[in-house]
Amino acid sequence: MKEKNSVGIVKSKKFICKNPLKLNSGVLLKEFELTYETYGKLNAKRDNAVLVCHALSGNHHLAGRYSSSDKYPGWWDSLIGPNKPLDTNKFFVIGVNNLGGSHGSTGPKSINPKTKKPWGADFPIATVEDWVNSHEALITSLNISRLAGVIGGSLGGMQAIQWAIKFPEKIKNAIVIAAAPNLTAQNIAFNEVARQSIITDPDFNNGNYYGKKIQPRRGLRIARMLGHITYLSDDVMGSKFGRKLRNKNYQYNFNTEFEIESYLNYQGDKFAKEFDANTYIRMTKALDYYDPANGSKKNLSKVFKKIKSKFLVISFTSDWRFSPNRSKEIVKALLDNNIDVKYAEITAASGHDAFLMEEPRYHAILQSYFNKML
Amino acid sequence: MKLNKNNYRYDFPIIANWVNSNSKVLDLGCGDGELLNYLKKERNITGYGIEKNPDNWLKSLKKGINVLQVDIEAGLPEFEDNSFDVVILSKTIQSMHNTEEILDEMLRVGKQVIVTFPNFGYWKDRIQSIQGRMPESEELPYSWFNTPNVHLCTIRDFDNLCKSNKYEIIDRLVLTDNKSVSFLPNLLGALALYNLVNR
Numbered sequence: 001m002k003e004k005n006s007v008g009i010v011k012s013k014k015f016i017c018k019n020p021l022k023l024n025s026g027v028l029l030k031e032f033e034l035t036y037e038t039y040g041k042l043n044a045k046r047d048n049a050v051l052v053c054h055a056l057s058g059n060h061h062l063a064g065r066y067s068s069s070d071k072y073p074g075w076w077d078s079l080i081g082p083n084k085p086l087d088t089n090k091f092f093v094i095g096v097n098n099l100g101g102s103h104g105s106t107g108p109k110s111i112n113p114k115t116k117k118p119w120g121a122d123f124p125i126a127t128v129e130d131w132v133n134s135h136e137a138l139i140t141s142l143n144i145s146r147l148a149g150v151i152g153g154s155l156g157g158m159q160a161i162q163w164a165i166k167f168p169e170k171i172k173n174a175i176v177i178a179a180a181p182n183l184t185a186q187n188i189a190f191n192e193v194a195r196q197s198i199i200t201d202p203d204f205n206n207g208n209y210y211g212k213k214i215q216p217r218r219g220l221r222i223a224r225m226l227g228h229i230t231y232l233s234d235d236v237m238g239s240k241f242g243r244k245l246r247n248k249n250y251q252y253n254f255n256t257e258f259e260i261e262s263y264l265n266y267q268g269d270k271f272a273k274e275f276d277a278n279t280y281i282r283m284t285k286a287l288d289y290y291d292p293a294n295g296s297k298k299n300l301s302k303v304f305k306k307i308k309s310k311f312l313v314i315s316f317t318s319d320w321r322f323s324p325n326r327s328k329e330i331v332k333a334l335l336d337n338n339i340d341v342k343y344a345e346i347t348a349a350s351g352h353d354a355f356l357m358e359e360p361r362y363h364a365i366l367q368s369y370f371n372k373m374l
Numbered sequence: 001m002k003l004n005k006n007n008y009r010y011d012f013p014i015i016a017n018w019v020n021s022n023s024k025v026l027d028l029g030c031g032d033g034e035l036l037n038y039l040k041k042e043r044n045i046t047g048y049g050i051e052k053n054p055d056n057w058l059k060s061l062k063k064g065i066n067v068l069q070v071d072i073e074a075g076l077p078e079f080e081d082n083s084f085d086v087v088i089l090s091k092t093i094q095s096m097h098n099t100e101e102i103l104d105e106m107l108r109v110g111k112q113v114i115v116t117f118p119n120f121g122y123w124k125d126r127i128q129s130i131q132g133r134m135p136e137s138e139e140l141p142y143s144w145f146n147t148p149n150v151h152l153c154t155i156r157d158f159d160n161l162c163k164s165n166k167y168e169i170i171d172r173l174v175l176t177d178n179k180s181v182s183f184l185p186n187l188l189g190a191l192a193l194y195n196l197v198n199r
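Residue numbers (our numbering), protein chains in the order written: chain Z, 1 to 374; chain U, 1 to 199.
For the record, the hints were derived by calculation from the structure and aren't laboratory data. Worth double-checking, as some hints may not be accurate.
[What the hints assert, rightly or not] Only some residues are given here: those of chain U computed to face chain Z with a beta carbon under 7 Å:
id: 1; residue: LEU61
id: 2; residue: LEU68
id: 3; residue: GLU78
[What the hints assert, rightly or not] Taking lysine to aspartate or glutamate and the EDC-like style, the derived pairs with C-alpha atoms no more than 16 Å apart in a straight line are:
id: 4; chain 1: Z; residue 1: LYS298; chain 2: U; residue 2: ASP81
id: 5; chain 1: U; residue 1: LYS63; chain 2: Z; residue 2: ASP340
id: 6; chain 1: Z; residue 1: LYS305; chain 2: Z; residue 2: ASP340
id: 7; chain 1: U; residue 1: LYS24; chain 2: U; residue 2: GLU101
id: 8; chain 1: U; residue 1: LYS62; chain 2: Z; residue 2: ASP340
id: 9; chain 1: Z; residue 1: LYS332; chain 2: U; residue 2: GLU80
id: 10; chain 1: Z; residue 1: LYS302; chain 2: U; residue 2: GLU80
id: 11; chain 1: U; residue 1: LYS24; chain 2: U; residue 2: ASP71
id: 12; chain 1: Z; residue 1: LYS30; chain 2: Z; residue 2: ASP122
id: 13; chain 1: U; residue 1: LYS24; chain 2: Z; residue 2: ASP340
id: 14; chain 1: Z; residue 1: LYS328; chain 2: U; residue 2: ASP71
id: 15; chain 1: Z; residue 1: LYS328; chain 2: Z; residue 2: ASP340
id: 16; chain 1: Z; residue 1: LYS302; chain 2: Z; residue 2: ASP269
id: 17; chain 1: Z; residue 1: LYS298; chain 2: U; residue 2: GLU80
id: 18; chain 1: Z; residue 1: LYS213; chain 2: Z; residue 2: ASP203
id: 19; chain 1: U; residue 1: LYS166; chain 2: U; residue 2: GLU105
[To be verified] Far from chain Z, by Cβ distances over 12 Å, these chain U residues were calculated:
id: 20; residue: LYS41
id: 21; residue: ASP55
id: 22; residue: ILE127
id: 23; residue: PRO185
In this text the structure is predicted, and so the values were computed from the model without any measurement. Think of the CB as a built atom: it goes at the ideal place given N, C-alpha and C, for glycine as much as any other residue.
Between the sequences and the hints, there should be enough to build the whole structure, so can you do that?
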């Protein structure tokens, strides 16, 4: 049966860049690969391309399924497809797995050409800046001189900002959702707890675990559970789970007692099976390091000086990891430079995760904005 | 929440008259973005609108307005001093809580400030008051129990506020049914329009 408004069955592609890429860390990648997917058609003028940047645990698989028996569609399938807010009848949509990822792009799992073994712990930390530089190489290879837009939520929003800063001539619109111009101390603190839980997992073996029988799942599982708590709001957890019990009465032991425990354990297990520990700690580092204005709000206005793209900035009321006030810092720096910007604060209960949900007002805004873009 | 704006267009040309061509304009409570759109066409302005109502916000976006959803009751911290040529507060002041603060903020951010409001001294309102009930009219289309208007004022009240603060009135126009009123404006005028600068 054909799914309604779906891009259908999709296949990922590979871009091999033979030009060396110098990373922020100083490491030189002599060549690299990016796994990506595209949906819709690039028009004759080649001006209808939208790049979608992924967040911490995302990848290039945005929409559609790999086979009809595929259980889940891509992670932003609610947004992307024919007649959906990001309409693939009009736009050529590109999803790319970032460097250091574990879904096909060059990362810790890839073979280090020097040693002919997986990079593992030796894979360098790639930053938001590095990612955007690598995206640009991909876009150029597709013969696209200017993107109609770059869109991303959270860490993906940071990449959209970086695109506008680094390549002002090559991006027409930046859509920055539930993001911030840098992380707060509290956010870095959460990331450090996540990393420590992974690094101190004995199965992690300092990051060299590929090909081993036992994979480092314990730490990754806890990291995900912690992350998950912070991506939701107190209210939404309360309304979804409250104090609901698994059994009728307290068991007075350490098995799963409350529904919320069961939910978190399930989410942790699922994620630990699918995701790569080395990638996870590197993605959190990219978040921590991103700070185009070096911590100064005034400086952000200066950094935005050369921006030529228009902006849509969206935040969610219950998002306490990337609060509306952080989005307003972005808006303020744009206003200081007379840049075209629209800003909406969506009333939503689901916290940071709201950017992945199908809240009607949120999607209506994106739909209208995309409609005006072409 | 804003007043009914069914017959709002008639004050647009007056506002446009007070706005120089190519000005940078900030419209507080920009509603569906019609005024900014009008000023774009008539005066080639650039600028931003602030709107908190989600439906109006989206209507503004669809018109291509740079619309921002921030709470103006909290002031205008996103905007630098003198960063706009004109700041407009059209038919919104009567529903604001921090009236003086927002006027001060407008005059901090803008070199020129335009304020319009329904005149509560209008004779039709006065008659209803004398008859012992809260006035309702085209400009005030609410019942006492559901009105968003908390700070209604008369032309005399607003003049006094300008006097006691440092607002200089460089222009004032009073309208009833699209016609300018110069005789007994506080009694015969339905809508007041002020063009202010810092003294």
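Right, here's what the structure says about each hint:
A least Cβ separation of about 5 Å between LEU61 (chain U) and chain Z falls short of the 7 Å threshold, and the interface hint therefore holds. With a least beta-carbon distance of about 4 Å to chain Z, the hint placing LEU68 (chain U) at the interface is held under the 7 Å criterion. A hinted interface residue such as GLU78 (chain U) counts as satisfied when its beta carbon comes closer than 7 Å to some beta carbon of chain Z; here the least separation is about 5 Å, so the hint holds. For the given pair, LYS298 (chain Z) sits about 15 Å from ASP81 (chain U) by alpha-carbon distance, which is consistent with the 16 Å threshold.
Of the supplied pair hints, the one linking LYS63 (chain U) and ASP340 (chain Z) holds, its CA atoms being roughly 13 Å apart against a limit of 16 Å. Using a Cα cut-off of 16 Å, the hinted pair LYS305 (chain Z) and ASP340 (chain Z) holds, with the two alpha carbons roughly 13 Å apart. Between the alpha carbons of LYS24 (chain U) and GLU101 (chain U) the distance comes to roughly 22 Å, so the proposed pair goes past 16 Å and is violated. As the CA atoms of LYS62 (chain U) and ASP340 (chain Z) are separated by approximately 14 Å, the hinted pair is consistent with the 16 Å bound.
Between the alpha carbons of LYS332 (chain Z) and GLU80 (chain U) the distance comes to roughly 9 Å, so the proposed pair stays at or under 16 Å and holds. Distance hint between LYS302 (chain Z) and GLU80 (chain U) is fulfilled; the C-alpha atoms sit about 14 Å from each other, no more than 16 Å. A hinted pair counts as satisfied when its Cα atoms are at most 16 Å apart, and LYS24 (chain U) with ASP71 (chain U) does not qualify at roughly 21 Å. Restraint check for LYS30 (chain Z) and ASP122 (chain Z): satisfied, since their Cα atoms lie roughly 15 Å apart, inside the 16 Å limit.
With a C-alpha separation of about 12 Å, the suggested pair LYS24 (chain U) and ASP340 (chain Z) falls inside the 16 Å cut-off, and the hint holds. For the hint pairing LYS328 (chain Z) with ASP71 (chain U), the CA-to-CA distance comes to about 12 Å; that is within 16 Å, so the pair holds. Taken as a hint, the LYS328 (chain Z) and ASP340 (chain Z) pair is honoured in the structure, with Cα atoms around 14 Å apart against an allowance of 16 Å. For the given pair, LYS302 (chain Z) sits about 44 Å from ASP269 (chain Z) by alpha-carbon distance, which is inconsistent with the 16 Å threshold.
Restraint check for LYS298 (chain Z) and GLU80 (chain U): the C-alpha separation of about 12 Å stays at or below 16 Å, so the hint holds. Between LYS213 (chain Z) and ASP203 (chain Z) the alpha-carbon distance is near 10 Å, which keeps this suggested pair within the 16 Å criterion. Restraint check for LYS166 (chain U) and GLU105 (chain U): satisfied, since their Cα atoms lie roughly 12 Å apart, inside the 16 Å limit. A cut-off of 12 Å between C-beta atoms confirms that LYS41 (chain U) is not in contact with chain Z; the least separation is 17 Å.
The non-interface label for ASP55 (chain U) is inconsistent with chain Z: the shortest C-beta to C-beta separation is roughly 9 Å, within 12 Å. The Cβ of ILE127 (chain U) lies farther than 12 Å from every Cβ of chain Z, with a closest approach of about 41 Å, so its non-interface assignment holds. Under the 12 Å C-beta cut-off, the non-interface status given to PRO185 (chain U) relative to chain Z holds; the minimum distance is some 37 Å.
Hint check: violations occur at hints 7, 11, 16 and 21; the rest are consistent with the structure.
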